[in-house]
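Which chain is which? The protein sequence lines are A and B, in order.
Heads up, the first sequence is in our numbering, so the first residue is 1 and it goes up one at a time.
Heads up, the second sequence is in our numbering, so the first residue is 380 and it goes up one at a time.
Watch out, some of these pointers could steer you wrong.
Below are the BS3-like pairs computed for lysine-lysine, each with C-alpha atoms no more than 30 angstroms apart in a straight line [said to hold, decoys possible]:
#1 A/LYS243 x B/LYS561
#2 B/LYS537 x A/LYS333
#3 B/LYS537 x B/LYS429
#4 A/LYS210 x A/LYS66
#5 A/LYS358 x B/LYS561
#6 B/LYS561 x A/LYS210
Because the hints were derived from the structure by calculation, they are not lab data.
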Amino acid sequence: MIFSINFLNKAFILFFAGLFCLSGCARINKPVAALILTKNPDAGINTFHIAVLPVQNLSGAAAPVKDIRQSLIDNFKKQGCNIIEEEILERFMARHRVRYTGGIDGVTAQSLKEETMVGAVLITSLELYDDKYPQKISLTSRLVSTGDKPTILWMDSIGIAGDDSPGILGLGLIKDPHALQEKALQLLTRSFTCPPSERHDRIDTRMGKKEFWPKISYLSPVMASGTTYTVTVTPFLNESERKNAGEIMALHFIRALREHENFNVIEPGIVREELLGLRVIMEDGVSLANASLVLGTLNADLVISGRVLDYQDYQGAEGSPKVDFSVVVIERKSQEIIWASKSYNQGDDSVFFFDRGKINTAHTMASKMVRNVVERMSK
Amino acid sequence: MKRRPLTMMRKNILILNKIILPLILLSLTACATSSGTYYHDPNMDFAAVKTVAVMPFNNFSRDTLAADRVRDVFINMLLSTGEIYVLPTGEVTRGVVLMGVTNPATPSAEEIVKLASLIKVDAVITGAVNEYEIIRSGTTSANIISLNLQMIEARTGKVVWTASSTKGGVSALDRLFGGGGKPMNDVTEKAVNDILNKFFK
Numbered sequence: 001m002i003f004s005i006n007f008l009n010k011a012f013i014l015f016f017a018g019l020f021c022l023s024g025c026a027r028i029n030k031p032v033a034a035l036i037l038t039k040n041p042d043a044g045i046n047t048f049h050i051a052v053l054p055v056q057n058l059s060g061a062a063a064p065v066k067d068i069r070q071s072l073i074d075n076f077k078k079q080g081c082n083i084i085e086e087e088i089l090e091r092f093m094a095r096h097r098v099r100y101t102g103g104i105d106g107v108t109a110q111s112l113k114e115e116t117m118v119g120a121v122l123i124t125s126l127e128l129y130d131d132k133y134p135q136k137i138s139l140t141s142r143l144v145s146t147g148d149k150p151t152i153l154w155m156d157s158i159g160i161a162g163d164d165s166p167g168i169l170g171l172g173l174i175k176d177p178h179a180l181q182e183k184a185l186q187l188l189t190r191s192f193t194c195p196p197s198e199r200h201d202r203i204d205t206r207m208g209k210k211e212f213w214p215k216i217s218y219l220s221p222v223m224a225s226g227t228t229y230t231v232t233v234t235p236f237l238n239e240s241e242r243k244n245a246g247e248i249m250a251l252h253f254i255r256a257l258r259e260h261e262n263f264n265v266i267e268p269g270i271v272r273e274e275l276l277g278l279r280v281i282m283e284d285g286v287s288l289a290n291a292s293l294v295l296g297t298l299n300a301d302l303v304i305s306g307r308v309l310d311y312q313d314y315q316g317a318e319g320s321p322k323v324d325f326s327v328v329v330i331e332r333k334s335q336e337i338i339w340a341s342k343s344y345n346q347g348d349d350s351v352f353f354f355d356r357g358k359i360n361t362a363h364t365m366a367s368k369m370v371r372n373v374v375e376r377m378s379k
Numbered sequence: 380m381k382r383r384p385l386t387m388m389r390k391n392i393l394i395l396n397k398i399i400l401p402l403i404l405l406s407l408t409a410c411a412t413s414s415g416t417y418y419h420d421p422n423m424d425f426a427a428v429k430t431v432a433v434m435p436f437n438n439f440s441r442d443t444l445a446a447d448r449v450r451d452v453f454i455n456m457l458l459s460t461g462e463i464y465v466l467p468t469g470e471v472t473r474g475v476v477l478m479g480v481t482n483p484a485t486p487s488a489e490e491i492v493k494l495a496s497l498i499k500v501d502a503v504i505t506g507a508v509n510e511y512e513i514i515r516s517g518t519t520s521a522n523i524i525s526l527n528l529q530m531i532e533a534r535t536g537k538v539v540w541t542a543s544s545t546k547g548g549v550s551a552l553d554r555l556f557g558g559g560g561k562p563m564n565d566v567t568e569k570a571v572n573d574i575l576n577k578f579f580k
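Here chain B stands alone, though its shape is the one from the complex (with noise of 0.2 angstroms):
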């Protein structure tokens, strides 16, 4: 059988279906939201943490408030599930202070100890926030949030829990209809959910 002869049309369909299409998919996933990971202890009975710290956050962003608004929203959304009681953070940093912690956002495990049985806690969270900014992605800007946290048990100093989330960035629908993303407020308690259902998986 004969093969017809490819008109200029047919071409650039071809074109379009094998090289530019996938080229788009993949462009558009570029930036989209990744769920992160997240480990459990599985020797951990986490129905017995009641009480938890949550240290300052450590700030690898460019927004200097990012940490301290990261953990405000972290605070409010675990005390709301009305699973875990979380100290308050002015009794955080008296403990801190007490102690003598010389980096209340990255302590060591025997500092978590120490801190953990005078401010009389089952656990304590450390975090830190890797991104709180406006991407831009050629005319199309949005707002991302990248945060990992980890929970430390107060007696052993082990940790027992770790997440990830990114949340935010310009998605397929930004791209093709433009807008600026969602405000920052909105992504970060998105991804402070995401967190939060990993913990309580």
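Only chain A is shown next, with the shape it has when bound in the complex (with noise of 0.2 angstroms):
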């Protein structure tokens, strides 16, 4: 009999564990105004105005960027956000010649402010497109204020595949492109109103997995705990053969070390504006010479660099993403190297059998091996 009484305590167990799950995200109706003006009480009234820049590609192939952006936009009006309206920003990146979509500069973001009135600036790179089956996306964003000392108030990233979860007989996969693409953007902007660590539909990437450990690491008795460091990160030097895997590695590094309240991390597009005034090139990573410059310019305490020999992603149904990097994090003050580590994973690496535990994109295993680090490092 169906509705026997062991059955109806199964339903009522299921009911309220499906409540529980969904209480955890039960701020997401709240008003988007409240969680970034606790975080940034100065952002001002017109935080809500957000202007959301052209998507950054750096995928290193073409991929419908307009079509990811309008997607973006239609996400965050449902979160409540007002966006601005496109001949407004058409003109003012006219007005300004900005071309760099990828950060966003002092000067600009107070230009920005004192014409339109905008409090901040969504800025989205899109790391991966491959619409061939099994479709792949992954993407950055960050939620960046205006007025001359842009900070960054919110920021999060996805990657998925249409094989993530093939559940039951295939029924879980998702075949098309765009519903994949459309299922990335909502976990993306959902993240906006409801924090990681109350959302139980992505996987999860902060779990602390051996294998995602560094393989070799170093960290200087120099580096206090419970201090609060202004941190610097700068495009990795890219030995792989992915296109732009130094830019992506920097986005993994700001995006972990602004989970830790013991970072506080300078916006990139402050940061290359730097560089490039200062006419800093980094032939084999930072010199202390350089990295004295550029803290000194920007006042911050630590540089992180490093390295990336390998991020790979694959096509087809089979293989596994590869990523190898080190990093090196350089102190201000003694001018010493405090922290180096040497990280690699491959997507299978905490398979056991039947392909369980497989990851399937370089960026949600790069995640994890970013914070592993951050996590490290900040012990």
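Work from the hints to combine the two standalone chains into their complex.
Dropping the structure here:
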């Protein structure tokens, strides 16, 4: 009999378990302002007028960036954000000759605030777009306040593949690239109001599995725990075959560092502007002279750099992503390396049987690896 | 006493024992890992070496990135010992550019003395990656690495330590049970660890 006491008990348990999970995202309908203003009280009343910059394509291949941007705008509107009109942004960008959309410098951020009354800018970088089965998409978004000192208010990223959750008889496979894109953008924008720790709808990249710990690491006694550091992340030296892997890895670190209270991360647009202004060329990583110059100008304590040796996503159904990088942290006062580590992993490192635990995108794996680096560094 | 005539079976066993088994054993050791050699200058006070610069390695392998990969692992492993501080690679490159060192992988003694005084290090480490590839033996394949390093004293430009190591290759187990050997990163770590053991001996 279906409606037995046992069945009803199970139904109740499932119902309450579902309610419990949903309550995790209870803040979803709360005004976004509360979240942002608590993080940045100086952001001003116009924080909710957001300018969505054109998507920066770091995938190294053609991708429907306009379509992605439009979906992103629609999703943010659903979350209660006011997005400024396209024409206003276009006029501003043409007037100020803004061509770089991967970050925002102080001068542009100030002009944007004064001329368009925009409180924040949404900067999105597309890391991967593969529309062949199994489709994959990875992107990173961050909200940066305008004004003379742009600060990162929110940042999150996502990397998903169509075969992440195949389910029974492959019913969970996503074969439509547009559907996958929509899913990725929805999950990304949901994190705007619902913190990642309270979400149960995506692969957890915070898991501290031993496989993703740095394989070799060095921590100097100079690094004091409990101290808050202002951090500059420079693009990593890219020695991999993947285009823009250096910038992608820097974004991973910025996102992971932001999650720690010990680190204040400087907006990468400001760092880029300073590096260009100082004509700093990093041939084989950061030299002490360059580190001193950059840290002095930006008034930061730490500079993070490194090199990426592998950042591979695979095409088709068979294969596994591969990520290999090393990171070096130089401190301003001591002019010394205070952290150095080497990490390398493959997507099937956690697989014991039947592809269970396999990671399908380099993005998700790099997120886990970088989080583990930052976790160990902050200890 | 009369000797029993050898049966066919006994003959086969004798051939197996005397000829085939030694051959199998010999072939099993053909690609085995070698621990390499090393040299320590008996007059050098290695405890005085606090800061070193690791120069770019020479690459004699087919993988164009091999030298960078091995150097990366070596720098991190040396730093992680906590005994010696390694100068950031960017700083070493800055010194190389300023000094106009023509071949940073094989600098002359004079160049090393000048470079070391500029970037303020006690010793300079140079090296070469001789092998960094997959080797095949029959149907089995495995990763192999072979490298040698040397430390040059900053004050005199004299070689005070050298060591070499070869790790990986097709082992007896690989031959018997198949498998592609260990991943290249693991093999590299083993080789570097072996070299570091020879340094801290």
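For this session: Would you mind confirming whether the straight-line C-alpha gap from A/LYS358 to B/LYS561 stays at or under 30 angstroms?
Result: 20 angstroms, holds
For this session: With a cut-off of 30 angstroms on the C-alpha distance, tell me whether B/LYS537 and B/LYS429 pass.
Result: Since the Cα atoms of B/LYS537 and B/LYS429 sit roughly 17 angstroms apart, the hinted pair holds (cutoff 30 angstroms).
Exercise. Would the pair A/LYS243 and B/LYS561 pass a check requiring their Cα atoms to be no farther apart than 30 angstroms?
Worked result: 28 angstroms, holds
Problem set entry | Agreement of B/LYS561 and A/LYS210 with the hint, judged by alpha carbon distance not exceeding 30 angstroms | Roughly 19 angstroms separates the two Cα atoms, so the pair holds.
For this session: Mind checking the alpha carbons of A/LYS210 and A/LYS66 for me, to see if they're no more than 30 angstroms apart?
Result: 39 angstroms, violated
Exercise. B/LYS537 and A/LYS333: Cα distance at most 30 angstroms?
Worked result: 33 angstroms, violated
Hint compliance for this structure: hints 2, 4 are broken, all remaining hints hold.
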